[in-house]
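Chain L is fixed; fit chain X onto it per the hints.
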Amino acid sequence: MGIKQRASSIRSAYGALQALGRDPTSLKFDRIVSPTRAILGNEPMMLFGTNNYLGLTFDQHCIDTAIDAIREFGAGTTGSRIANGTYEEHRALEAEIAVFYNKRATILYSTGYLANLGVISALAEKGDYLLIDADSHASIYDACKMSDAEIIRFRHNNPEDLAKRLARLEGMPGDKIIVVEGIYSMLGDSAPLAEIAAVKRAAGDNVYLLVDEAHSLGVMGKSGRGKCQEDDVEDDCDYIVGTFSKSVGTTGGYCVSNVEGFECLRSYSRPYMFTASLTPPTVATARAAFRRMAESPELRERLWKNSNRLYNGLAQLGFDLGPEVSPVVAVKLADPQTAVTLWNLLIDAGVYTNIAIPPATPNALSLLRVSVSAAHDDEQISSALEIFAEAGRQLGLISYGVNMATSRVA
Amino acid sequence: MNMIMEQDTATQARVLELLGRKISAGRRIDLSSNVVEDTGLDSVSVMDFVMELEDEFDITIPLDRIAEVGTVGDLADAVEVLSRKRVATHRNQ
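Taken in order, these protein sequences are the chains called L and X. With our numbering applied, the first sequence covers 1 to 410. With our numbering applied, the second sequence covers 1 to 93.
In case anyone wonders, no lab produced these hints; they're calculated from the structure. Ideal Cβ positions, reconstructed from N, Cα and C, are used throughout, including at glycine. Careful: at least some of the hints might be erroneous.
Far from chain L by the CB rule (all over 12 angstroms, computed), these chain X residues [to be verified]:
no.: 1; residue: Ala10
no.: 2; residue: Ala13
no.: 3; residue: Asp30
no.: 4; residue: Asp38
no.: 5; residue: Ser43
no.: 6; residue: Pro62
no.: 7; residue: Ala67
no.: 8; residue: Asp77
no.: 9; residue: Arg84
Stretch by stretch, here's where chain X covers chain L in the computed footprint (C-beta under 8 angstroms, at least three residues) [to be verified]:
no.: 10; stretch: 147-155
no.: 11; stretch: 159-169
no.: 12; stretch: 359-367
Below, simulated SDA-like cross-link-like pairs (lysine to any residue); rule was C-alpha separation at most 20 angstroms, straight line [to be verified]:
no.: 13; chain 1: L; residue 1: Lys164; chain 2: X; residue 2: Val87
no.: 14; chain 1: L; residue 1: Lys145; chain 2: X; residue 2: Val36
no.: 15; chain 1: L; residue 1: Lys164; chain 2: X; residue 2: Met47
no.: 16; chain 1: L; residue 1: Lys164; chain 2: X; residue 2: Val36
no.: 17; chain 1: L; residue 1: Lys222; chain 2: L; residue 2: Asp236
no.: 18; chain 1: X; residue 1: Lys85; chain 2: L; residue 2: Asp128
no.: 19; chain 1: L; residue 1: Lys145; chain 2: X; residue 2: Val44
no.: 20; chain 1: L; residue 1: Lys164; chain 2: X; residue 2: Pro62
With the rest of the complex left out, here is chain L (with noise of 0.2 angstroms):
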């Protein structure tokens, strides 16, 4: 296909749902007035489709440590990591991240995208196999595509699958790397990385399990490392991946390992070598960040508080949810239609969701992904539930009167 039939193309797959109201891929927000609140035209809007699940994007120290680095450090550094971009700032940030999970070794991405990129691109070559999660993130197929390892999908959040997959690999040289990740970005569920640990271990040596827990740092575990900690399996975790992007409130991204050698990606790891290092601000912050993280858990027992009432409250309403409770809350819908018609309604009302149709979505299903922050109050959350009730009952998603529904839910 053509530059000019792709473009025809692309416009007419969407110009249907552009016709239903606003353009999902081009909207711009005005001003941003907190982690939960900003204007859209002139309209005020209370997000409800970010990643921001502790709401640190507008935390007092993480933005006083960014401006005091922006000061001391310039605005950018102008050079990759491996030439004039590697600051004693960012060496700290590595050193701290690697304490933070009581691992080896950091090595820092500039963003979570490039991070999946370069460490899982390096770590796979040819002759070897990646067996990746059929819902991965595009990080991780694009991660795939850029490897010249033999690429395996097996069933989402199923070990037996994995298993199966992996025993017809039995007798064959060269490293086999399970990709998972801790939660799930669309539908909000968990991978079952106990069950995912033992079939690694059953598997024998030369197979390695990396986690992306790109959103579940600082949402799941005792202390926010995610579903590893959450599951008691880090140990079997060999890699794990993450980003600054979501909980902790900036870009950037990381991968941290205790595998012996796994610091000489920094020689190899090409989206580590030839794209600019982290700018001096966003290192500050996600320092800052990490500290508040490790600090605050009550910052996460908020979001928790806050996604099981948001998650119950949809669910009591009578729409389809994703699988589990969690901070990522997906509604199924009907069709893409529906979910884009549902969207513009709710913003209408004053409710930003992000949309979610195929073929970015599993199976085909059309959604609107829902996501709490721990910056969400009460108020907030019973409004935004309002606001879905009226909108479902309007369109006929859901079968209750409004004021059942709010009664229910309040």
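Just chain X now, with coordinates in the frame of chain L:
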């Protein structure tokens, strides 16, 4: 030679039958159909179908092999080659 021809046909028939269950009733496919353009399946559905083929034939079909596949016939050929490779590997073990 005849036996190999028969095996090929059986694989092709099975791939066509399994793929037929995935596509909408109005579509007709044969070995010359393009796996993506003529089936109406998106990229994720094609990858899910490949997972089914792996289980049906008890083989590993790496995703990069799918990138090389154009038609349903190509896909059946790939399944056939990987099945024979598997049998050969097991004999050598």
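How the hints compare with the structure:
no., hint, in the structure
1, Ala10, "21 angstroms, holds"
2, Ala13, "23 angstroms, holds"
3, Asp30, "23 angstroms, holds"
4, Asp38, "15 angstroms, holds"
5, Ser43, "6 angstroms, violated"
6, Pro62, "4 angstroms, violated"
7, Ala67, "9 angstroms, violated"
8, Asp77, "18 angstroms, holds"
9, Arg84, "15 angstroms, holds"
10, 147-155, "holds (count 6)"
11, 159-169, "holds (count 4)"
12, 359-367, "holds (count 3)"
13, L/Lys164 to X/Val87, "17 angstroms, holds"
14, L/Lys145 to X/Val36, "19 angstroms, holds"
15, L/Lys164 to X/Met47, "17 angstroms, holds"
16, L/Lys164 to X/Val36, "27 angstroms, violated"
17, L/Lys222 to L/Asp236, "17 angstroms, holds"
18, X/Lys85 to L/Asp128, "18 angstroms, holds"
19, L/Lys145 to X/Val44, "15 angstroms, holds"
20, L/Lys164 to X/Pro62, "15 angstroms, holds"
When each numbered hint is compared with the structure, violations occur for hints 5, 6, 7, 16.
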